[in-house]
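Starting from the known structure of chain A, fit chain B onto it as the hints suggest.
Protein chains in written order, with the numbering used here: chain A, 1 to 417; chain B, 418 to 663.
Derived from the structure by calculation, the hints contain no laboratory data. Hints may be right or wrong, so weigh each one.
To be verified - In the BS3-like style, the derived pairs of lysine-lysine whose C-alpha atoms are separated by at most 25 Å in a straight line are:
1. B:481 to B:421
2. B:624 to A:94
3. B:645 to B:624
4. B:624 to B:592
5. B:490 to B:421
6. A:51 to A:26
7. B:645 to A:94
8. A:51 to A:82
9. B:617 to A:94
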Amino acid sequence: MEQLQLELLQTTVNRAYRNVPFYHRKFEQLNIAPEDVQSLCDIAKLPFTTKEDLRDGYPYEMFAVPLREIVRIHSSSGATSKPVVVGYTRNDLKHWADQTARVMSAAGVTKDDVVQIAFDYGLFTGGFGMHYGAERLGASVIPVSSGNTERQVQIMQDFRSTALVSTPSFALYLAEVMGRLGVPTAGLWLRVGLFGGEPMSERMRGEIESRLGVVATDNYGISAVMGPGIAGECELRDGLHINEDHFLVEVVDPTTLQVLDEGQEGELVITTLTKEGLPMIRYRTHDISRITRSKCKCGRTTARMAPVRRRTDDMVIIRGVNVYPKEIEALLYEIEHVQPHYQIVIDREAGLENLTLRVELSGGMISDQMQRLVELEDTIKHRVHALVGLTPRVRLVEPRTLHEVGPSERVIDNREK
Amino acid sequence: MMLKLQSVMTYYGRILALKGVSLHVDPGEIVAVVGPNGAGKTTALNTISGVLSPRSGRITFDGKDIAGKTADKLVEMGLVQVPEGRQLFPGMSVYENLMLGAYRRSRAAKRSLVSEDLDRIYATFPVLKDRSRQSAGTLSGGEQQMLAIGRALMARPRMLLLDEPSMGLAPLVVKEIFRVIADLRRDGGTTVLVVEQNAKAALAVAKRAYVLETGRVVMEGPASELAKNPEIQRAYLGKGYKQMVE
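So here's chain A without its partners, still in its complex pose (with noise of 0.2 Å):
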């Protein structure tokens, strides 16, 4: 694999360097050339790529070879700026196949299953790509696409879909819309839930498992670097396998972007190796994650990551303290009567920074009971606590207040810059 690898980075940083002018002119900046590369190791000389990086090259500039040999076009979204173009050739298509079907293959997925894909079709990667893995395994896919969740649920009963690809927070809602139509999810067929896009923590894929009576396993990709299809859980959920022999992955540390070693947790960053259209050397994900290269018990001798819960970039820093959102998010399934919808505000009073963290109260809970309300709240305030050492202030909303809060609304930071 190493041998494999070594020779893959080295014809990756050489199409690179010759073919994208971008990064000629990084190399050339920090003057070091190809055949510095001489182990895996002196991957850590090599420049880093960003998302800007990526909108700056808006929409080409990225691309190793000439337009006309490209085959498909995918695009985030880019609400708030440039959206980051990806292009594939045919090569990347197929190589693209081959990996989400080893990934969908190891979560369990046979040609015997009916893949019922509720990931978007469009210019989002993760319709396309788990389509072509489950395809390319010979499964019956059904192309369902996102939304339309009755019609889903319907879907999902009559044409006794036996695997689900989506968000696991849309798993949840479908299993709540079930229960809303009095579908009782023991007359589904369903098997094995493949879940990516988004965290998702122990406490949803148990909830997940236990509602919709599936083994829900988690997958990862990410749409700049390919889109699904660069890690997925075995059945074991021991950690996400990694398609080494596609791509090549180091932990850094976020600040000092020091190379970590095997086991320690920090920012996830990627190299392309077989990519053609667009290659990308040393991708900063802002995931985090931590990577283990023992030998997992399925038999897979790859390396594995830590599922990703959290993000570099979606921290904040509150009297010096790092807070993640989805750690506060993770806790929040854990208290009864209250929904993991929430909005985490900070603001400063006196020099003082404050954190209140708004949460919605559970449809059941009687909101006139003052006495349980404030034992709520002291709950919240004491699990906060120990979670991050800071003590919130805590309001509590009434019920659907918060439940269409966005990720870029999750926090609202009122410190001046």
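Coordinates of chain B only, in the frame set by chain A:
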């Protein structure tokens, strides 16, 4: 892995001809190195076979470090090169040329084994048997290439290094030579590393291939995949120009 190169750098005089080349060949594989003139293909082969010494990097054959070992030692280990341009002895007969290939082993090996090998080579290349008494210089280009391969086979190689076997040959003869190369692997289990400018012919028989350009590997993969790659087709297979004009 039978042969493994890691970040090999070789100078040709003062010119850095190989800029950190890594490649490998598994037992029983035919691997091709293709690329344009001056890409460093022959330098790579000569560095493996001990004609040139690498400045840095590692070369292992069967797990043993062979960087800088002389060609005769490598022949004894089973790594034999068929040089570019055949390099036969034109004044000597076909038979004599073949026997030279067994020179390193003639003292140690039994005569009967050598004649057994000779028979096998005559069976593979019947034309060499027909002309065994003829001087090598009178053979056609294709026959000379067969003789050069036959001579290398007399050393009982476990791995054959072929340098531009198609050079100067008519297309039909090139086809014949590559058919023989494929047969060698199939029948004798000989592992082959072939360096070729004629990418089409080489990719047709190879399992995997590396594309070398100005001393660097810029592409690698299954030969069938590379043969279909538009970049390769345009650069080495002469396809795609029509579409570009349109």
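### Task
Check each numbered hint against the structure and report the violated ones by number, ascending.
none
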